[in-house]
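Chemist: Add chain B to chain A, keeping to what the hints say.
Going down the list, the protein sequences come from chains A and B.
Start counting the first sequence at 1; every next residue gets the next number (the working numbering).
Start counting the second sequence at 1; every next residue gets the next number (the working numbering).
Just so you know, the hints here were simulated from the structure itself, not pulled from any lab data.
Please note that the accuracy of each hint is not assured.
[As the list claims (entries may be wrong)] Here are some chain B residues pointing at chain A (derived, C-beta under 7 Å):
no., residue
1, SER33
2, ALA38
3, GLN41
4, GLY42
5, PHE45
6, GLN48
7, GLU53
8, GLY56
9, PHE104
10, GLN106
Being a predicted model, the structure only gives us computed values, none of them experimental.
Idealized CB from N, CA, C, for every residue including glycine.
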Amino acid sequence: AQRVTQPEKLLSVFKGAPVELKCNYSYSGSPELFWYVQYSRQRLQLLLRHISRESIKGFTADLNKGETSFHLKKPFAQEEDSAMYYCALALRVGGGADGLTFGKGTHLIIQP
Amino acid sequence: ETGVTQSPTHLIKTRGQQVTLRCSSQSGHNTVSWYQQALGQGPQFIFQYYREEENGRGNFPPRFSGLQFPNYSSELNVNALELDDSALYLCASTQQGLNTEAFFGQGTRLTVV
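Chain A with its partners taken away, still in its complex shape:
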């Protein structure tokens, strides 16, 4: 069965410090992984996906199949990065569009 693990419930770092939010997954097939973010009083929204290999708001995430990880990184944290972050794995449920398996989330707090 698919599973996504985010070991840190809460991560607090100072502004300007590097950030790494950990995500590990278990999946027997070829994974499609995403990071979703939820800012205070806003809806869940896509931050980035591994297939596009892009950097959004300074965040990057590299899929490591050997370690089954998809950690989210940013070299210099900003106060506006404070939010709830969810790692998600796409499920192949039907003709192509996917349901998602989410981790429990990591609450990132950036201290001034």
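Modeler: Relative to chain A, chain B alone:
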């Protein structure tokens, strides 16, 4: 372009009752997925609808059912409510295809007493 909208925003029901939650998909999206998010947990996939049919299901019992309408909007129905059904219910819409971004609604907060 309109976003995903859900109604109602909050709801209180009694154990054993039935509830219907509604979702309007983002303009241009033809697929709707429903998720249950309990307090302190990530969203859990309930099911997905495409072309007015259930297109995949997570680990939820049959008392969780749904509908999709020709305009792609969707309903989630839960029968015989239990206390553990108290959660935030999220709807997400996508366009059928590989690796498409899911756009989420604000959710409906259901409390079962």
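Chemist: Could you run down the list of hints and mark each one as holding or not?
Modeler: Comparing the hints with the structure gives:
1. SER33: Holds: closest Cβ of chain A sits about 5 Å from B/SER33, inside 7 Å.
2. ALA38: This interface hint is violated because 10 Å lies over the 7 Å limit.
3. GLN41: 6 Å, holds
4. GLY42: 3 Å, holds
5. PHE45: 4 Å, holds
6. GLN48: 5 Å, holds
7. GLU53: 9 Å, violated
8. GLY56: With a minimum Cβ separation of about 2 Å from chain A (threshold 7 Å), the hint on B/GLY56 holds.
9. PHE104: 4 Å, holds
10. GLN106: Constraint on B/GLN106 satisfied, holds at 5 Å.
Consistency note: the structure conflicts with the earlier hints numbered 2 and 7.
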